[in-house]
Amino acid sequence: MIQIKNLNKSFELYNQNNTNINVFKNINFKVNKGEVVALTGNSGTGKSTLLKLIYGSYIISKGDVLISDINIRKSTPRDILKLRKNRLGYVSQFLRVVPRVPTIEVVIEPLLDIGCEKNIALKKGQEILERLKIPKNLWNLSPLTFSGGEQQRVNIARGFIYNYPYLLLDEPTASLDQNNKNIVLDLIEKAKLNGSAIIGIFHDEIARNRVASREVNLENL
Amino acid sequence: MKQDFLFKASNISKYYGQNIGCKNVSLDINPGEVLGIVGESGSGKSTLLNCIYGNLEVDEGDIFLNDKSKTILNFTKISEPKLRLIQRSDLAFVHQNPRDGLRMNISAGGNIGERLMAIGHRNYGEIREIASNWLEKVEIDVSRIDDKPSTFSGGMQQRLQIARNLVTRPRLIFMDEPTGGLDVSVQAKILDLLRNLVRELGIAAIIVTHDLAVVRLLADRIIVMQNGNVVEAGLCDQVLDDPQHKYSQLLVSSVLQV
Amino acid sequence: MNEMSKNENIDIQIYNFAYLDENTKRMIRRALLKALCIPGYQVPFSSREMPMPYGWGTGGIQVTSACLIPKDVLKVIDQGADDTTNAVSIRKFFQKTANVAVTEKTSDASLIQTRHRIPETKLKEKQILVYQVPIPEPLRFLEPRETETRKMHALSEYGLMYVKLYEDIAKHGHIETAYAYPVKTNGNYVTDPSPIPKFDNPKMNNSPAIQLFGAGREQRIYAIPPYTNVKSLDFEDYPFEAMKANFKCSICGSSDSYLDEIIVSDDGKRSYICSDTDYCKEQTKLNSKKEDQL
Chain A
1 MIQIKNLNKS
11 FELYNQNNTN
21 INVFKNINFK
31 VNKGEVVALT
41 GNSGTGKSTL
51 LKLIYGSYII
61 SKGDVLISDI
71 NIRKSTPRDI
81 LKLRKNRLGY
91 VSQFLRVVPR
101 VPTIEVVIEP
111 LLDIGCEKNI
121 ALKKGQEILE
131 RLKIPKNLWN
141 LSPLTFSGGE
151 QQRVNIARGF
161 IYNYPYLLLD
171 EPTASLDQNN
181 KNIVLDLIEK
191 AKLNGSAIIG
201 IFHDEIARNR
211 VASREVNLEN
221 L
Chain B
222 MKQDFLFKAS
232 NISKYYGQNI
242 GCKNVSLDIN
252 PGEVLGIVGE
262 SGSGKSTLLN
272 CIYGNLEVDE
282 GDIFLNDKSK
292 TILNFTKISE
302 PKLRLIQRSD
312 LAFVHQNPRD
322 GLRMNISAGG
332 NIGERLMAIG
342 HRNYGEIREI
352 ASNWLEKVEI
362 DVSRIDDKPS
372 TFSGGMQQRL
382 QIARNLVTRP
392 RLIFMDEPTG
402 GLDVSVQAKI
412 LDLLRNLVRE
422 LGIAAIIVTH
432 DLAVVRLLAD
442 RIIVMQNGNV
452 VEAGLCDQVL
462 DDPQHKYSQL
472 LVSSVLQV
Chain C
480 MNEMSKNENI
490 DIQIYNFAYL
500 DENTKRMIRR
510 ALLKALCIPG
520 YQVPFSSREM
530 PMPYGWGTGG
540 IQVTSACLIP
550 KDVLKVIDQG
560 ADDTTNAVSI
570 RKFFQKTANV
580 AVTEKTSDAS
590 LIQTRHRIPE
600 TKLKEKQILV
610 YQVPIPEPLR
620 FLEPRETETR
630 KMHALSEYGL
640 MYVKLYEDIA
650 KHGHIETAYA
660 YPVKTNGNYV
670 TDPSPIPKFD
680 NPKMNNSPAI
690 QLFGAGREQR
700 IYAIPPYTNV
710 KSLDFEDYPF
720 EAMKANFKCS
730 ICGSSDSYLD
740 EIIVSDDGKR
750 SYICSDTDYC
760 KEQTKLNSKK
770 EDQL
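Quick note, the sequences are listed as chains A, B and C, same order. At position 22 of the first sequence (counting the first as 1) the number is 22 in the numbering used here, and the numbers step up by one without a gap. Throughout, the numbering used here is defined as the position within the second sequence, counted from one, plus 221. Throughout, the numbering used here is defined as the position within the third sequence, counted from one, plus 479.
Hints may contain errors.
[Said to hold, decoys possible] Straight-line C-alpha distance at most 16 Å; calculated EDC-like pairs for lysine to aspartate or glutamate:
no.	chain 1	residue 1	chain 2	residue 2
1	B	K467	A	E12
2	A	K33	A	D64
3	C	K760	C	D746
4	C	K643	C	D562
5	B	K303	C	E770
6	A	K62	A	D79
7	C	K760	C	D561
8	C	K760	C	E583
9	C	K605	C	D551
10	B	K298	B	D288
11	C	K760	C	D735
12	A	K118	B	D441
13	A	K30	A	D79
14	A	K82	B	D441
15	C	K643	B	E281
16	C	K630	B	D367
17	C	K650	B	D368
18	C	K760	C	E501
19	B	K358	B	E421
20	B	K298	B	E278
21	A	K25	A	E219
22	C	K584	C	E761
23	B	K369	C	D647
24	B	K244	B	E453
25	A	K85	B	D249
26	A	K82	A	D69
27	A	K136	A	E105
28	C	K643	B	D367
29	B	K229	B	E281
30	A	K33	A	E219
31	C	K650	B	D367
32	C	K603	C	E627
33	B	K298	B	D280
[Said to hold, decoys possible] Using C-beta positions, here's what the derived DEER-type ranges look like:
no.	chain 1	residue 1	chain 2	residue 2	range
34	A	R87	B	S374	37 to 47 Å
35	C	I517	B	E261	24 to 34 Å
36	B	N448	A	K62	25 to 35 Å
37	B	N354	A	N8	36 to 46 Å
38	A	P102	B	K289	31 to 41 Å
39	A	N163	B	D321	38 to 48 Å
40	B	N245	A	D204	48 to 58 Å
Think of the hints as simulated: they come from the structure by calculation, not from any bench. Because the structure is a prediction, the values reported are computed rather than measured. Virtual Cβ for every residue (Gly too), placed ideally from N, Cα, C.
All chains should be built: construct the whole structure from the sequences, respecting the hints.
Rendered as structure tokens:
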């Protein structure tokens, strides 16, 4: 279970006249196993920020984020790294990779990090790339030259290759056409059935309605 | 003291007369981790690296290495021969300029084999085979084994330097701007090589760099230095995405977007 | 008459026995003792101005000078020969300044000064062999910094030495070094045996004689006491081989000694003769004795 308790986030920008930007205050909600919670609210209400706070990429100003029994605010960097390896997955909107690394290697990295044998990892990578309809002739090329939609699918492949018990998704279907959207939504549903607790941002209402168990609107809390 | 760390530096200070090289810097690293040290020129990061490697004498502080037999060694207290032996076998140092880390008038095979011969390898055939394997690992054509590094490109020289350092399977590798003088296209190859080696061999790495893009791709945790002091430390993506200190924020916001 | 004897007296009075003053000899002897206690270790010493320039054997001469006693029998060879210009000059130098007996017979000498060869005749206990050394540091051409080479010896960091041998095998298929072939002395220090052919290296091992090395320009002395283990560096799969030209001496017929190659006619005809002149003479004598017996 993921628990968000009285979460506040503000940014202090020292080099820009010490501007203080408050993103949100007092966010509270829970996400159970097998649930997909969709974050809603207009642009700028802090949806991506919330995901980053849970993932540990942003520092929590006030409040707590609990992932199972782990308190993110009280965790050391090492604890969070361990969490990210085995239990907490994150699919962001942007594909950040080392240049010139082939797609197949990018995708199997999470498996190699947890000690999976390379042959097995490669097999799983091929399976998921096939599933996401990335053409075979692209597997040995760097994804940085792909189209937006292809990059997004590579990102998804990397995020779903391992069954994370907790998953954060930032606009997973954003640049995709209808067919590919469905494939991704299938993957999300599968993860849901597997018991993963998922928080996602879905700009597309239809996609949201298909997979979300419930919605949390950041503007209304 | 907890026994499960690999390497730990506590309150390291180095002064150059009145000037501060680095002040009160502490860091620690475990196997399989990559720690980045970032800062601009003059931040003291290279001084710090040389201090913790044992090249420079520290004015204050202690440096601990948990050696293979699980004894904790204090660099500031062990004898020079012992330190040099550790530096040659258990640690590695990759210089920014490969010319500082290679023997330019010795063949590639000889460069890689030197550390082996220094620890007692006496079979020419074996040494050559190990050298060939390492050339393959760092993606240098094995047919170049007898060529001198002066005939290699900058990227190849750097990869050779890495191979030369890793042949004795060190547990901790120090790198000073490892992709510094290289073309951008070559940097990518080296970065990927480093990540794979860290993962495959389970080694730990401490990397000094001023290039935030490089550190983002390589490091798990980073420390930010300014004028010899550590101003911020934490998860790499957290420090780069949500810097809390004024200087860190300045550093991050100054990076050009491509 | 008086004038003449006065001059002779003056000659002898100007030079101390064996040229160097007693204090200098004391300094060199201290260095030699240290060197003998630490086989193969280069002991710095205060090299003196000698009446011949650097590069002409001043180190060997200073060591000989410090060791000579009036009843010594001195032999001086240069590349194995007693009759080359340098050997003759040095021998005359000590005759004049020390008035010692001299010989060309290896087995009769108590002290032998040599440039770049070890005599073929096996040495005995109580004989002293003084080598002339140009560059005492075996690592010098690989590592030009004296500060580094000293550390390398102190810490037994000899990887670089083996790298040189590795490079030879990689380039030539075998270890190319033909002279000044590095050795490990007493299982400890790597030593430069001076530019003797590698054929001579085995003679250094477990020798009954005292081996002393002097480098005048570089100001270093080192030594190998009797019966010391001296092993030439090599690889397990490329073991050391003492090599020489595969011919017989055209004077004495020996196939065991190190040979010099000489061009005997204008059209390039070659001949091989023993480098060690005394040995060649002895062999020739033995041959004629054998012939007489037949």
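Hint by hint, here is what the structure shows:
A threshold of 16 Å between alpha carbons decides the hint, and for B:K467 with A:E12 the separation of about 9 Å falls inside it, so the pair holds. About 19 Å separates the Cα atoms of A:K33 and A:D64, which puts this hinted pair outside 16 Å; it is violated. For the given pair, C:K760 sits about 28 Å from C:D746 by alpha-carbon distance, which is inconsistent with the 16 Å threshold. The hinted pair formed by C:K643 and C:D562 fails the criterion: a straight-line CA distance of about 36 Å is larger than 16 Å.
This hinted pair does not check out: B:K303 and C:E770 have alpha carbons roughly 66 Å apart, beyond 16 Å. The straight-line distance between the Cα atoms of A:K62 and A:D79 is roughly 20 Å, outside the 16 Å bound, and the hint therefore fails. Under the criterion of a C-alpha separation no larger than 16 Å, the hint pairing C:K760 with C:D561 is consistent with the structure, at around 11 Å. The straight-line distance between the Cα atoms of C:K760 and C:E583 is roughly 10 Å, inside the 16 Å bound, and the hint therefore holds.
This hinted pair checks out: C:K605 and C:D551 have alpha carbons roughly 11 Å apart, not beyond 16 Å. As the CA atoms of B:K298 and B:D288 are separated by approximately 14 Å, the hinted pair is consistent with the 16 Å bound. Pair hint C:K760 plus C:D735 holds up; C-alpha atoms about 14 Å apart against a cutoff of 16 Å. Annotation: proposed proximity of A:K118 to B:D441 is violated, straight-line Cα distance about 22 Å (limit 16 Å).
Note on A:K30 and A:D79: the hinted pairing is violated, with a Cα-Cα distance of about 22 Å set against a maximum of 16 Å. This hinted pair checks out: A:K82 and B:D441 have alpha carbons roughly 11 Å apart, not beyond 16 Å. Taking the CA atoms of C:K643 and B:E281, the gap is near 41 Å; set against the 16 Å cutoff, the hint is violated. A distance of roughly 28 Å separates the Cα atoms of C:K630 and B:D367; the hinted pair therefore is violated under the 16 Å criterion.
For a cut-off of 16 Å, the pair hint linking C:K650 to B:D368 stands: about 10 Å separates their Cα positions. Only pairs whose Cα atoms come within 16 Å are accepted, and C:K760 paired with C:E501 is rejected, the gap being roughly 38 Å. With a C-alpha separation of about 11 Å, the suggested pair B:K358 and B:E421 falls inside the 16 Å cut-off, and the hint holds. For the given pair, B:K298 sits about 11 Å from B:E278 by alpha-carbon distance, which is consistent with the 16 Å threshold.
Proposed proximity of A:K25 and A:E219 is supported: the alpha carbons are some 10 Å apart, at most 16 Å. Proximity of C:K584 to C:E761 is assessed by CA-CA distance (about 9 Å); at most 16 Å being required, the pair is judged to hold. Simply put, B:K369 and C:D647 have alpha-carbon atoms about 13 Å apart, close enough for the 16 Å limit, and the pair holds. Between the alpha carbons of B:K244 and B:E453 the distance comes to roughly 14 Å, so the proposed pair stays at or under 16 Å and holds.
At roughly 20 Å between alpha-carbon atoms, A:K85 and B:D249 are farther apart than 16 Å, so this suggested pair is violated. Taking the CA atoms of A:K82 and A:D69, the gap is near 14 Å; set against the 16 Å cutoff, the hint holds. Taking the CA atoms of A:K136 and A:E105, the gap is about 13 Å. The hint holds against a cut of 16 Å. Under the criterion of a C-alpha separation no larger than 16 Å, the hint pairing C:K643 with B:D367 is consistent with the structure, at around 13 Å.
Taking the CA atoms of B:K229 and B:E281, the gap is near 14 Å; set against the 16 Å cutoff, the hint holds. At most 16 Å may separate the alpha-carbon atoms for a hinted pair to count; A:K33 and A:E219 exceed this at roughly 25 Å. The straight-line distance between the Cα atoms of C:K650 and B:D367 is roughly 8 Å, inside the 16 Å bound, and the hint therefore holds. Note on C:K603 and C:E627: the hinted pairing is violated, with a Cα-Cα distance of about 38 Å set against a maximum of 16 Å.
Taking the CA atoms of B:K298 and B:D280, the gap is near 13 Å; set against the 16 Å cutoff, the hint holds. Range check, A:R87 to B:S374: about 43 Å between beta-carbon atoms, so the 37 to 47 Å window is met. Separated by about 51 Å at the C-beta atoms, C:I517 and B:E261 break the suggested range of 24 to 34 Å. At about 31 Å, the beta-carbon gap between B:N448 and A:K62 stays in the expected band of 25 to 35 Å.
Look at B:N354 against A:N8: about 55 Å separates their beta carbons, and that is not inside 36 to 46 Å. Remark: the range hint 31 to 41 Å for A:P102 to B:K289 is upheld by a beta-carbon distance near 36 Å. Distance hint check: the CB atoms of A:N163 and B:D321 are about 47 Å apart, consistent with the given range 38 to 48 Å. With their beta carbons about 52 Å apart, B:N245 and A:D204 fall inside the hinted range of 48 to 58 Å.
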